[in-house]
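Heads up, the sequence shown is in the numbering used here, so the first residue is 18 and it goes up one at a time.
Hints should not be assumed to be uniformly reliable.
No farther apart than 30 Å at their CA atoms in a straight line, the calculated lysine-lysine pairs in the DSS-like style are these [said to hold, decoys possible]:
no.	residue 1	residue 2
1	K54	K141
2	K141	K86
3	K86	K54
4	K69	K86
Computed beta-carbon distance windows for the label pairs [to be verified]:
no.	residue 1	residue 2	range
5	Q74	L127	39 to 49 Å
6	L139	I19	22 to 32 Å
7	L85	G65	28 to 38 Å
8	L127	A92	33 to 43 Å
9	P124	P62	51 to 61 Å
10	G40	W103	24 to 34 Å
11	Q118	A68	50 to 60 Å
12	E70	V48	52 to 62 Å
13	G65	L121	51 to 61 Å
Hint data in this document are derived by calculation from the structure and do not stem from the laboratory. Since the structure is predicted, the reported quantities are computational estimates derived from the model, not experimental observations. Don't be surprised by glycine CBs; every beta carbon is placed ideally from N, CA and C.
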Amino acid sequence: MIVAYIAAAFIVLGFASILSWLGLVGIAAEVSRLSQKSLAILRDPLRGDDAKEAAMQANARALFARFLKLTSGLASALAMPIALVWGIAQTGILEFETVIQVSLTWPFLLGGVIVFIAVVLLDKHK
18 MIVAYIAAAF IVLGFASILS WLGLVGIAAE VSRLSQKSLA ILRDPLRGDD
68 AKEAAMQANA RALFARFLKL TSGLASALAM PIALVWGIAQ TGILEFETVI
118 QVSLTWPFLL GGVIVFIAVV LLDKHK
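Taking the hints into account, I'd like the entire structure generated from these sequences.
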């Protein structure tokens, strides 16, 4: 059972490390800034409708690009550690189902949330 906890912790820490390494927290911050910029454009009484439309289309393209980066990055960050643990489980050292069960317990989920918050806070300070 201890091996399952170690493997589940590896998945969480691996996810957090890859999340930080890929710069996904910064990309999420860019999405927030672009969204706020879009609202400012819509509220700008000095811009005409054509100028607003052009600016909003540019922001929509930028947001879509960030969406693709975030989606592929999050999928990669989660898939890599899980695939490694699954591969190790195929050798018989541990049972993958047990690792998943451990990772779904409330203390482990709480620990994962704390790790995620730490990654976000550390990335903001960079």
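For each hint, the structure was consulted:
1. K54 x K141: Distance ~20 Å between K54 and K141 Cα, so the pair holds.
2. K141 x K86: Since the Cα atoms of K141 and K86 sit roughly 19 Å apart, the hinted pair holds (cutoff 30 Å).
3. K86 x K54: 20 Å, holds
4. K69 x K86: Judged against 30 Å, a Cα distance of about 26 Å means the pair holds.
5. Q74 x L127: 39 to 49 Å: This hint holds: roughly 42 Å between Cβ atoms.
6. L139 x I19: 22 to 32 Å: Since L139 and I19 have Cβ atoms about 28 Å apart, the given range 22 to 32 Å holds.
7. L85 x G65: 28 to 38 Å: 31 Å, holds
8. L127 x A92: 33 to 43 Å: 24 Å, violated
9. P124 x P62: 51 to 61 Å: 53 Å, holds
10. G40 x W103: 24 to 34 Å: 26 Å, holds
11. Q118 x A68: 50 to 60 Å: 56 Å, holds
12. E70 x V48: 52 to 62 Å: Cβ of E70 to Cβ of V48: about 21 Å, so the range 52 to 62 Å is violated.
13. G65 x L121: 51 to 61 Å: 53 Å, holds
In the structure shown, a violation is registered for the earlier hints numbered 8 and 12, in ascending order.
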